[in-house]
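J.: Here the structure of chain A is known, so what remains is to put chains B and C in place on it, guided by the hints.
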Amino acid sequence: MGLIAAFGAPIFLPFMTTQIAFLWMMVVFALCWDIMGGQMGYNSFGNIFFFGIGAYVCAVIQRDSGLDWYVAFFLGFGAAAILGVLCAAILGAGILGLRGQYFAICTLGLGIAGGEIASGWDYIGAGSGLSPPLFPGALGMREMFFNYLFLTLALVCFFTLKRVYSGRFGLAINAIRDDEDKAEAMGLRTTRYKIVAWCISAFFVAMCGAAAGNMIGFIDPRDVAFAGVTFGVWMVLMAILGGKGTLWGPVLGALVFHITQELFWTYLLGWQRVALGLLIVVIVVFFPTGILGWLRERRTMSTSGGSEQ
Amino acid sequence: MEGLSIFIEQPVRLLQIIVDGILVGSVFALSAYGLALVWGVMKIINIAQGEFVMLGGYVAILIADAGYSPLLGVPLAAMILFCVGWVLYRLVIFRVVDRDLFISILATFGLSILLQQLANQVFGADVRTAESGLVTMSFLDGNITISQIKLLSFFLAFALGGGLWLFLRSSQLGQAIRATAQNARAARIMGIDTNSVYAVTYGLNAAICGAAGALVAMTWVIHPYLGLTYTVRSFMIVVVAGLGNLMGVILAGLGLGTAENIAGFVLGAEYQAAFVFSLLVVILVWRNWRLGLQRRYLK
Amino acid sequence: MTALLEVRGVSKRFGGVVANANVSLNVPEGAIIGLIGPNGSGKTTLFSSIVGQHAIDSGSILFQGNEISKLRVSEIARSGLLRTFQQTRIYGQMDCMRNMLISTPDTSAGLLSMLSRHSAEEQEEAERLLDFVGLYEKRFLMAGDLSFGQQKLLEFAMALMNKPKILLLDEPTAGINPTLINGLIDRLKRANKEIGITLFVIEHNMRVIMNLADHIYCLAHGEILADGSPEAIKDDRRVIEAYLGAS
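Chains A, B and C, in that order, are what the protein sequence lines are. Just so it is clear: in the first sequence, position 287 is 287 by the working numbering, and no numbers are missing. Just so it is clear: in the second sequence, position 137 is 1137 by the working numbering, and no numbers are missing. Just so it is clear: in the third sequence, position 166 is 2166 by the working numbering, and no numbers are missing.
Any given hint could be a false lead.
What the simulated footprint calls covered on chain B by chain A, stretch by stretch (three residues with Cβ under 8 Å from a Cβ of chain A suffice, anywhere in the stretch; the number is not a length) [stated by the list, open to error]:
| hint | region |
| --- | --- |
| 1 | 1089-1099 |
| 2 | 1115-1129 |
| 3 | 1224-1235 |
| 4 | 1269-1275 |
Source of the hints: derived by calculation from the structure; they are not laboratory data. Note that CB positions come from ideal geometry on N, CA and C, so glycine has one too.
So that you can see chain A by itself, here it is in the shape it has in the complex (with noise of 0.2 Å):
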């Protein structure tokens, strides 16, 4: 039934195709920082390093190719793809290494650091940015070819997850999480475990950010690519306020928070970054196990009426 309405949003409401695109590119997002934060424990505010990285990537192999647009899109959707894992595997073996607070922050500094460097790199456009070639096709058509991508990949990260976390990967980043010394005193790979699910998170982000930037049309260091403080901080929000550590949660939070945002962009135009940012301490401060922890919350309080002991 969810997969008929799914499919069918963009035919029923054509003028929201490209906010529904979003809307599976944030559950992607979701998704994948939850790998990280809700199932593994290691809140990263830094996966958006791997968007921009797709970003660039999938762009500059579509500017220097020659070739036609679908290949060279697909090409360089392909090679973000590679780039991130690539990326991931590398500064995971170093960044990994760090617990808690030291991680998260890090994985900031990586997140700006990359639009900062990206600006001032000119075979990429610098601050100018960079524009990918034009989609070949009618108008619409755009939006419509965006929108089904963003949702394959949407569908296939949520059932390679489900996948991956019913075998011993889920076990063993759900153990790094409730107490990674054990972990380690039991004889378990923790850093191979902890780069293998950054290099998932990277896999999946970085294609949205290769296939973002050709939507979009314009990738800019700051604000597109590397957008640390929008993209960057909703990757976390969404997962937190859905209910981290859950399969659902991700995606439902990206729902209500991608309807949200838009809502206030909508109404408050200029000051909807302000309303995020309270919402940002609203969440965080009122709701940190989401809303299906809310939800499972109620249902074991209407459900226990007597006392247990």
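T.: Relative to the frame of chain A, chains B and C by itself:
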């Protein structure tokens, strides 16, 4: 990287950059001191640190706009920001003090975004500065120039930091703060109202940052988005120096100012922010790796 | 019998405090060795040194003839040397079965094995061990919701699941209901005799350690005070004085 060759041909340029770096580094050290204070007492990493600096800067700018000397901004920003910090504690921060450290990071991050965007809406995104009306002095046949305001700001930064240090050492409230930092539960048992202590501490931190911001407004520039860079600088300084090490904070602050200035010159001004954030990553990874050799990790 | 674990002249200090001073001992394969001493004598510190939780200042630690004092915790654990914690550590947000399943040896963590679901044999083994410690009925409860004593048993079962060659137990009976202690001693002995795990046990409960151990070392003020059979240690004047005199 033509910058490097200039150093060899004209070493005096290097000296100028180092001097400027040390002067600006004093403000970094001040902000780092505040961060370390809140971290040590309340076990919170205040991501909104830079925003307090930014707001303090705007206080000085508003005063300058109103026709008064922005130097008045230093004490005024301190007082206003103290109130802001105190209120923020009573409204928000007290709810995240005893919880997961990540919650406090996320909450103060939210505050940071809130304040940043608020400033953007109210003051506009333009870069502003506050003219102090002081002159520039020159030394060594005009090869080294030091603006008086930067020199004054340097000494004021030390004065403010020293004042805070004295306050913490000798006043009764200061001792209550230090007692709470060492053992909050014991302090409570001894009758200290730790919640009030926390509120005052957070307010003091905001005040220190506000004063620092006023100094920045006069010696440099202010814009709504400079907050995060200051927060990251403060964090780096504290990580390098260690929480209880005031001398370390001072040295690291001056060192960071110098390093940044040199990097800005060698790599180009557009890469200065990139340098700061990349340095954060490098310092953390390197520090942790060193600890790892002794089977430890950054806690 | 060759010594499975050999500690030679290990010293460790924390700032100005000397926790271990020139400690040497042997744990032969298949034995149950006890480590006793008054509070603050450095027993847990020694354990932490052996498993790799912190660096030692001097000395050497040999496990199966190999030097392990510079290896990482997880490497040492994978080579067959495991420990349980005094404060009992388990994975609180997972149920008992999952705690057990993730405790299987992580020898081949290749990408494919990460995806694999746990085999039926592993599930059966987990159930068998949970039954061995008496937690079978509670196997789907969240580990964090168990009582302290039950968590201790879970931790023990998890350790067994990891198929160690030697298990370092830090006060296994502390906080356990006295009526259940005999059961625990029995299980420890069975683990040693039937499964063949060498045990190195820190204990405060004299009755337990005298009953359990083949050989006992006594630590006081960070140094080995005495060692010998339970009967010898029981009557050793120095040991008695160390306990009585300890503040």
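J.: Against each hint, give a clear statement of whether it holds in the structure.
T.: Quick rundown of the hints versus the structure:
1. 1089-1099: holds (count 4)
2. 1115-1129: holds (count 6)
3. 1224-1235: holds (count 3)
4. 1269-1275: holds (count 4)
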